[in-house]
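A.B. asks: If you follow the hints, you should be able to join the two separate chains into one complex; please do so.
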Amino acid sequence: MSGYIPIFFMISAAAGLGLILYGLFKVLGPYRPNTEKQSTYESGMTPVRSARERFSVKYYMVAVLFILFDIEIVFLYPWAVNFHALGLFGYVEMVVFILILLAGYFYILKKGALQWD
Amino acid sequence: MSVEFIVEALVKIGLVLVINLTTVAYLVLAERKISAFIQNRLGPNRVGPWGLFQSFADIGKLFFKEDIVPSAANKFVHTLAPLISITVAMSTFAVVPFGNTFAFNGHDYKLMIGDVNIGILFILAMTSLGVYGITLSGWASNNKYSLLGGLRASAQMISYELSMGLSVIGVVMIAGSLQLDKIVIKQGEYLWGVIPAWNIVLQPIGFITFLIASFAETNRLPFDLPEAEPELVGGYHTEYSGMKFGLFFLAEYANMITASAVIVTLYLGGWQFPFVERFALPALAVTLLQMGAFAVKVALLLFFFMVVRWTIPRFRYDQLMSLGWKVMIPLALGNIIVTGFFLLFH
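For the record, the sequence lines run as chains A and B. Take any residue in the first sequence, count from 1 to its spot, add 262: that is its number in the numbering used here. Take any residue in the second sequence, count from 1 to its spot, add 1: that is its number in the numbering used here.
Incorrect hints may have been included.
Unchecked claim - List of simulated lysine-lysine pairs, BS3-like, C-alpha gap at most 30 Å:
1) A:Lys-288 with B:Lys-62
2) A:Lys-373 with A:Lys-320
3) A:Lys-372 with B:Lys-327
4) A:Lys-299 with B:Lys-66
5) A:Lys-320 with B:Lys-76
6) B:Lys-62 with A:Lys-299
7) B:Lys-76 with B:Lys-66
8) B:Lys-111 with A:Lys-288
9) B:Lys-183 with B:Lys-111
10) B:Lys-34 with B:Lys-66
11) B:Lys-327 with A:Lys-320
12) A:Lys-320 with A:Lys-372
13) B:Lys-327 with A:Lys-373
Stated by the list, open to error - Short, incomplete list of chain A residues facing chain B, as computed with Cβ under 10 Å:
14) Ile-329
15) Leu-338
16) Trp-341
Claimed, not checked - Computed footprint of chain B on chain A, listed as stretches where at least three residues anywhere in the stretch have a Cβ under 8 Å from a Cβ of chain B:
17) 264–275
18) 289–301
19) 304–315
20) 343–356
Calculated from the structure, these hints are not laboratory results. Quick reminder that beta carbons are idealized off the backbone N, C-alpha and C, glycines included.
Chain B with its partners taken away, still in its complex shape (with noise of 0.2 Å):
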C-alpha cells in the first residue's frame, strides 16, 4: 500500500463528503422550495437571495440549542443512536462508481471509493444497519411515542429489505457480478443498436419494487410510518433537540441521495452517457459529460423523490405491511423467475 494509494482515497472521500454535505444543505431548501410551490406558498425567503442561505443559518441555529437529555432516559444510547444513523448513511456511498475509470499521467484512476467485488452486499449491509441508529434512539428515549417510532420503523424496514435484496438479484443475474461498476458498464450496451440497454428497459418490475423499496428503507413519505408526525409527534426523534436531531435529519437527506445514486446505479445505467462513444470526444470530456449524467440522473430521482413526498398521503400501518409481504415479494420472486427463463431461452 503506497502513499499514493492513501492520498488518492482520502481525496476522493473528502471530495465526496464536501458534495454530499453541500447537496444536503441545499436539498432541504430545494424541497422546502417545491412543498411551497406545491402548496401554493412563497417558501424561505428572507436568508439570502431567493433563501439560498437557509440551511445554513438552520445549521448554525441547531449548534447554539441546548442538548436536552431526559432524565428517564439511557444517555449513552440515546448519544450514540444519532452518530450511527449518520455514519451509516454517510458511508454508504464509498462503493458507488460516479464515473468511468480514466486515465491520467499513465495511471488508472478510478472514479470510486472502494473498489470491492462485494459492492451490492455492502449496500445492503449498510442500509441494514441503519436500522439500528431509528431503533436504539427509540429505545433510549424511554418514551412511548419514540418507541412506537422505533418498533414501527425497524419492521418496516427489515421487512422491505427482503424485497429490495430479492429485487437486486435480476441485475445480478444480468450482470453477472456484485460489482457495481461492472453493472454500470454492462448497462453501456444498446438493444438492436439503438436502445441503451439500461436494467430499468430489461427490469421494469425489479426497477418498481426497488423503487419502492427504497422509498421504505429511507423512512420518506408515503412510508415515513416511524416518525408520523399527527400519531406519534416526532416518533424516534421526539426527544431530541438541537445537533443530535439535526444528525438525523442530515442522515435523512444523505441516505435519499445514496439511494438514489444506488438506483440509478443499477437501473438508470450509472454514469452512462448514451452514444458519446460514438463522438470523437477528448477522454477528459467523456469523464466530465459521463459525470455530469450522473449527477442529473440523481438530481432528478431527488425531485421524484420530492414530488412524491409532497402528493401523496401516508399508508396505515397495517396497509404498509401487507404492501411489503403480500405484494412485493412474490412480485420480486416472480422477477427472479421471468429474468432467468428469458436469459437462458431469448
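Chain A with its partners taken away, still in its complex shape (with noise of 0.2 Å):
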C-alpha cells in the first residue's frame, strides 16, 4: 500500500501549484469591475437569455450508453490480467461476453442511437 502515499504527495504538490498560481495571480492582477467588463461574452452583441436552457437529449444517449460500455470494460480488466492463468476455457467464455456486448452495441446503433445529424 506504501505506493499510494507518494500519488497523495504528488496530487497534493499539483493542486499545490495551481493555487500558488492563482493565488500570486490574485496578488498581483488588478481589479477594476464595470458592469460592461462582467457581461456575458456574446460577440459584441447583448446577451439574449441564459446560457442554462435545455439542450439536445444526445448528450444524456451517450452518457448512458458510456455508463454500459464502461461497467463491460471493468469487467474485461481483471480478465486480461488472469488471462494466462484462465487459458481456452477463459477466452471461449470472454469471447461469448463480447458477442453479447456487440448485440447490443448493433441495436443501439440499428436504434439510432448514435445517429448525429
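C.D. replies: Structure (C-alpha cells):
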C-alpha cells in the first residue's frame, strides 16, 4: 500500500501548484470591475436569455451508453490480468461475453442512438 | 514509513514537477516555432535568442492581467474548474516509470513516483477526472459558447475513453499485469532475438486506436471541437482571463506530455534502450541511457502531436462521434479477440 502515499503527495503538490499560481495572480493582477466588462460575452451583442436552458438529448444518450460500455470494460480488466491462468476456457467465455456486448451494440446502432445529424 | 521514504518521494515529485513545467514552457515555444515553420512564418524571435524566453514573458504577462469573472457566472465553480484541470494534468505522471530500478549505496531506487499495482487503472481514472475541469468551466461561465464547448468535451472524452480502455486491454493481456514497470520490463524481450518486443509490434491496431483516443482525450486537433475557434470563440475557456486561462493552457500541454509518456510506456518500450544490455556498460551509464531513451521517445511523440495539429483539419462533430463509436470501439474489441487467439495458439 505504501505506493499510494507518494501519489497522494503528488496530487497535493499539483493542487498546491495550481493554488500558488492562482494566488499570485489574484495578488498581482489589478481589480477594476464594471458592468460592461463583467457582462457575458456574446460576440459583442447584448446577451439573449441565459445559457442554462435545455440542450440536445443526444448528450444524455451518449452518457448512458458510456456507463453501459464502461462497466463491460471493468469486467475485461481482471480477465486480461489473469488471461494466462484462465487459458482456453477463459478465452471462450470472454468471446461469448464480447458477442453479447456486440449484440447490444448493434441494437443501439439500429435504434439510431448514435446518429448525430 | 521512514523519513528516507518521504524524502525520496518528495525529491522525485519536485524533479518531475520542475521538468514537466520547464518542458511545458519550451513546448509552447516549440509549437509556435513549428507552426510558424509550417505556415512559412518566423514565429517568436524577439524575447531572447530565437525567442527562447517568450514563454516566460507570456507567463509573466498572465500574472498581471485582471481576473474577470462574469456577473452571471457561478464564481466558486468558475475558479475551481481550472484548479481541477491543472491538478489532474500534473498528477497523472505519478505512475509513469521514467527509468529502470537502480541500486545505489545498497538501496534500490525506483524511477517512478508511485509504485502501485494498478498503474493503468490510475491513469484511466485520472483522465476521466480531467473531464470535470472542462465541463464545470463550461457550465459555470453561464455563456452559450462555453456551455457548448463543455458539453462537446464531455461527450467526446467519454466516447474516446471507451476505446482507450479497450485498446489497453491487449497490452494488459500480454504483460499479465496492470503495473506499468512490469509492462515496460516485458517489452525488453526480443522477437527471434533481433526485433525488440515493443507492444507497437505486437499490438499495431491497439497502438493506433490508443493514439487516436489520446488525441481526443487531450483535446488536440483534429479533435479540438471543445474549443473550435471559428464556431465557439474560445469554447469552454471563453470567459477566462489571465492566469485562470493560463492554468487551462498549462493543463493542456501537461496532458500532452503525460499522454506521450503513457503511449511510450505502453507501446514504445518505455525506458527500454534496445540491445543496451548486450554491452558491458556500468550500471549508472545504462540508467542514464535508458532515461535518455525515454525522453527522446516522448519528445518525438510530442513533435508528432504538433505536426498533426498544424497539418490536419478539424473533424465535424458527427464525424467525430461516429469515428469514436462506429470505428474505434469495434476495432478495439476485435483487437482483444485477435490478441487472445494469438496468445493462446501461437
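A.B. asks: For each hint, tell me whether it holds in the structure or not.
C.D. replies: Here's how the hints hold up against the structure:
1. A:Lys-288 with B:Lys-62: The hint holds at about 13 Å.
2. A:Lys-373 with A:Lys-320: Given pair Lys-373 (chain A), Lys-320 (chain A) holds - Cα atoms ~13 Å apart, limit 30 Å.
3. A:Lys-372 with B:Lys-327: 12 Å, holds
4. A:Lys-299 with B:Lys-66: 13 Å, holds
5. A:Lys-320 with B:Lys-76: Roughly 29 Å separates the two Cα atoms, so the pair holds.
6. B:Lys-62 with A:Lys-299: 19 Å, holds
7. B:Lys-76 with B:Lys-66: 18 Å, holds
8. B:Lys-111 with A:Lys-288: 39 Å, violated
9. B:Lys-183 with B:Lys-111: 12 Å, holds
10. B:Lys-34 with B:Lys-66: 25 Å, holds
11. B:Lys-327 with A:Lys-320: 16 Å, holds
12. A:Lys-320 with A:Lys-372: Holds. Lys-320 (chain A) to Lys-372 (chain A) sits at ~15 Å (cutoff 30 Å).
13. B:Lys-327 with A:Lys-373: 14 Å, holds
14. Ile-329: This interface hint holds because 9 Å falls under the 10 Å limit.
15. Leu-338: Holds, about 5 Å.
16. Trp-341: 8 Å, holds
17. 264–275: holds (count 10)
18. 289–301: Per the Cβ count (10), the hint holds.
19. 304–315: Contact hint for the segment 304–315 of chain A vs chain B: holds, 6 residues under 8 Å.
20. 343–356: With 8 residues in contact (Cβ-Cβ under 8 Å with chain B), the coverage given for the segment 343–356 of chain A holds.
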